[in-house]
Amino acid sequence: MYGADVVVGKLPPLSEASFLILIALGGEDLHGYAIVQAVLDLSDGRVRLGAGTLYGALERMSNDGWVAPSRDEVVEGRLRRYYRLTSAGRSRALDETERLEANAAAARGRLAGGVA
Amino acid sequence: MNERWVRLALRAYPRRLRAAKGAEVHGAVADAADAGDAAFIDARSLVGLIVAGWMVRWRAHPPPLPWVRYLLGRDVMDRRWHGWLLDELDGWSVERRGWAQSSLWLAWLMGLAVATQQPIPDWTLMFAVGAPLLAGRVPAMQRRRRVTVLRANGFDSQTRQWLAPARPLVPSRRARQTRAGALLSPLGAAFTVALIVHVLWWWVPGLRLEGADAGFVAIGRVVDAPIAIAGRLAVLVALGLSVVFATLASRLHGWLRVAPDVARATKAELVVNTLAALALAVLPLLPVMPLAVPLVMPPVLATGPMLLLLGRRALRMERDGSGVVLARPVRARPETATRP
Chain A
1 MYGADVVVGK LPPLSEASFL ILIALGGEDL HGYAIVQAVL DLSDGRVRLG
51 AGTLYGALER MSNDGWVAPS RDEVVEGRLR RYYRLTSAGR SRALDETERL
101 EANAAAARGR LAGGVA
Chain B
1001 MNERWVRLAL RAYPRRLRAA KGAEVHGAVA DAADAGDAAF IDARSLVGLI
1051 VAGWMVRWRA HPPPLPWVRY LLGRDVMDRR WHGWLLDELD GWSVERRGWA
1101 QSSLWLAWLM GLAVATQQPI PDWTLMFAVG APLLAGRVPA MQRRRRVTVL
1151 RANGFDSQTR QWLAPARPLV PSRRARQTRA GALLSPLGAA FTVALIVHVL
1201 WWWVPGLRLE GADAGFVAIG RVVDAPIAIA GRLAVLVALG LSVVFATLAS
1251 RLHGWLRVAP DVARATKAEL VVNTLAALAL AVLPLLPVMP LAVPLVMPPV
1301 LATGPMLLLL GRRALRMERD GSGVVLARPV RARPETATRP
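The listed protein sequences derive, respectively, from chains A and B.
Be aware that the first sequence starts at 1, since it is given in my numbering, and climbs by one per residue.
Be aware that the second sequence starts at 1001, since it is given in my numbering, and climbs by one per residue.
I should point out that these hints are in silico values taken from the structure, not numbers from a laboratory.
Fair warning: there could be bad hints in the mix.
[Stated by the list, open to error] What the simulated footprint calls covered on chain A by chain B, stretch by stretch (three residues with Cβ under 8 Å from a Cβ of chain B suffice, anywhere in the stretch; the number is not a length): (1) 14-24; (2) 95-104.
[Unchecked claim] Simulated coverage check for chain B against chain A, where a stretch passes if three residues somewhere in it have a Cβ under 8 Å from a Cβ of chain A: (3) 1034-1047; (4) 1054-1060.
Please read these numbers as outputs of a predicted model, since none were measured by experiment.
Glycine included, C-beta positions come from ideal geometry on N, C-alpha and C.
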């Protein structure tokens, strides 16, 4: 759990599942299983979220203020709770994206140069 | 994995989240089943769900110190932990703790019985009568008191919504201050007199009653009845008085906070309530268990003067109009205000 006063540059990296959930919610509000499908698409089928991972991550991110429930819908007797990305969550996802980009750029430069 | 396993796994979540979260997870599981996604709720996912639920519990649980204070009877808890507190009040742990308290109480009495070499069978009667009384009464009082305190801090127990900003203390009415002072001073005086009497009784040879050291034997002689029956009756009377005194001590709990600031009030409350409850509960057992005297004397020694001082102080502050703040709740519903 990170407070708002934590220096952004020193935040620990997000887990891949958390990062992908934030990215999935970046486009539109999604309900639980729709998030699973969106993450599956984003990761080319590599990351398949289970219920425990999904709801554990959503709970943590709700506590941190990165995501928030936006509305509830009942479809065929099933409750679907939609989640939205908050501005704090968007900022956190952007920071993580920049961190990953920086790492990737550094890796490309180093590997292209043949440094062992 | 069927619904039953999901429901079981969701029990890992705190009570207040389970209803809302349960419907949501069941909906997602049904969506996954329609999509043929068995992995969404396989055994590994179920374990993950349980771990997630316990992590939520872990984060919602108050830290050790506030938690121990709560267990000792402190009502004022930071609003960060009120979610946990509501689960606690709604759940079965209050009753469970009531039984635990009752068991501790019995263990204490059994220990005293063994230490004073009283026949154990006499105490089984106490178990039969005392355990249900204590186990039912104490948690009920605690629950009522804590719900009232939550309401006083702006929580509506009907709608389970915050009505007003949480306040650490609620200023009481003048009547309560007077009542506290009027009650505490005589009680403190009574305790102090009891202390003096006991000191004279036990340590001045000329005043010591013949045969009082012998406990049950002395009672048997006085009432001229078979010792076993007298002993049982004495134990029953002592138990009844203990319950009454323990109830009184519990009532005192809310009236003892007479210090004008939070920190001093809670410190005084913790010390005085613990001592008062201990002394009140054990005091009636003195006639039948002389060896309990060394155990009772320290709390009595401290409780009497402290109650006397607190009561006199409350009365004085009431008289001169200086502000006494009690942490007792107001009965009326707080004014409605915006609350997240």
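Here is how each hint holds up against the structure:
Given as covered by chain B, the region 14-24 of chain A fails the check, having 0 residues with a CB less than 8 Å from a CB of that chain where 3 are the minimum. Proximity of the region 95-104 of chain A to chain B, defined as three or more residues with a beta carbon under 8 Å from a beta carbon of that chain, is not established by the 0 residues found. Coverage of the region 1034-1047 of chain B by chain A holds. Counting CB-CB distances below 8 Å, 10 residues qualify, and the rule asks for three or more. Look at the region 1054-1060 of chain B against chain A: 3 of its residues bring a Cβ nearer than 8 Å to a Cβ of that chain, three or more, so the hint holds.
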